[in-house]
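Could you put the whole structure together from the sequences, leaning on the hints where they help?
The chain contents come next:
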Amino acid sequence: MNFADEIFELRELQRLEGHADRVWGLAWKPATGADGVPAVLASCSGDKTVRVWEQSPLTGSFQCKAVLEETHNRTVRSCAWSPSGKLLATASFDATTAIWEDIGGDFACISTLEGHENEVKSVSWNASGSLLATCGRDKSVWIWEVLPHNEFDCVSVLQGHTQDVKMVQWHPTMDILFSCSYDNTIKIWAEDGDNDDWHCVQTLNESNSGHTSTVWALSFNATGDKMVSCSDDLTIKIWGSDIMRMQSGDGNAPWKHLSTLSGYHDRTIFSVHWSRDGIIASGAADDAIRLFVESEDHLIYKVQKRVYIKRENYY
Amino acid sequence: MVSGLINANPVVYEKKERRSRSTPTHVDEYAVELIDQLEIFDHIRDIKDPEHPYSLEELKVISEDAIEVDDKRSYVRVTFTPTVEHCSMATVIGLCLRVKLMRSLPPRYKVDIRVAPGTHATEAAVNKQLNDKERVAAALENPNLVDMVDECLAPSYG
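Just so you know, the protein sequences line up as chains W and P, in that order.
Its first residue numbered 1, the first sequence is counted upward by one per residue in the numbering used here.
Its first residue numbered 1, the second sequence is counted upward by one per residue in the numbering used here.
Bear in mind the hints are in silico, worked out from the structure with no lab data behind them.
The beta-carbon is built from N, C-alpha and C at its ideal position, and this holds for glycine as well.
Any given hint could turn out to be false.
Below, simulated DSS-like cross-link-like pairs (lysine-lysine); rule was C-alpha separation at most 30 Å, straight line [stated by the list, open to error]:
#1 P:Lys128 to W:Lys256
#2 W:Lys226 to P:Lys133
#3 W:Lys86 to W:Lys226
#4 W:Lys139 to P:Lys110
#5 W:Lys139 to P:Lys128
#6 P:Lys60 to P:Lys16
Some chain W residues well away from chain P (every beta-carbon gap over 10 Å; in silico) [claimed, not checked]:
#7 Glu12
#8 Gly18
#9 Ala20
#10 Ala27
#11 Trp53
#12 Ile110
#13 Glu119
#14 Gln159
#15 Asp196
#16 Thr214
#17 Ile289
See the structure below:
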């Protein structure tokens, strides 16, 4: 779809209230929100809980269907649904990652992954749902294998980042893992053969036109040949790789910097996401959300929405 | 148990005389009062140093001039000067400043805290931590740290 000539408008549909502290992360449940299946969303918070919201087919408004509590004893920082939507993983500052299963509308914690030394910051499932990755302030990235009977086995602990790891994301089609960090780099991890021997195959740092401060998030386009990252350095960067080479198993298909978007946010850019239909959204500490679409090989900025929510209570 | 204070003999300065705000001759109830340097300074001047029974003002860790505020853009930056270059309490002091301002200013405010350039051995590292909202949030979930911060802030709620 070519959005380059379209006029965009961002309109708030609803404000979901319920959490008692800041909301740190959200995840849409796969295979919902289309084909007659009501949309489902999970949110996680500093109030130590996770809430699951479902859209009513009648009214279109979202209601809270479940509150996942009494498991984490610190901020829940990130949540991610498995590709089948059957499981929900939640990563917490309490150093654990909980796995929940939806059993007839009630969510039960079926497993707790331990190992990180301190705050876990992000969790991601691979495309097939056979692997899970987590990362945290202990500078490490952990890969877990999903086994039958709700068993999870740690397959590898990846060291390499020199600081706090902020996010992990699996490539949308291949079992290649990406991580971004307070050490200003993005690292790419792949398995050597099939023997659980994971190692860092590439580091995107300042010398490859990488970020000059903490990289907070990254996201892939639908085909997986491009990636977008955002940072405390106030820029958004686009990266690309030769998808054919990657798919042929060529371990040497390096990622290259394609473009840097600067001047759009004047405070830390915390999140960025590339939608399935090609729109890049960014959210920053300047209270603005911006959307970008690609036009003839360079990104153009489409709309900015300043989001400021009036809060009655503050700490 | 701390074996010895980092800076056992800090220099203590006289507190700046507190000017009372002049009462306006005409009070407009609907006028919005702009937040200025002095107001920010009043929120933080009596914060106690983590190691000594003196305020940050008395130790000249902070001063009114080291505060930049732009109320229209809801922005404030506080620059503080640790008493010694290798002060390991720098992050605690920075955290105290951030927490006090968080509790005292309208939520629309963006706050930057930094160490005065050239006054600390690991200035960039300290600044980065103090301005990483995730690191700050996680630190404030540490009960020991919160107790220390609250103790330092107690005298500032005057």
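**Report entry** Numbers of the earlier hints that this structure fails to satisfy, in rising order
**Finding:** Of the numbered hints, 13, 16 do not hold.
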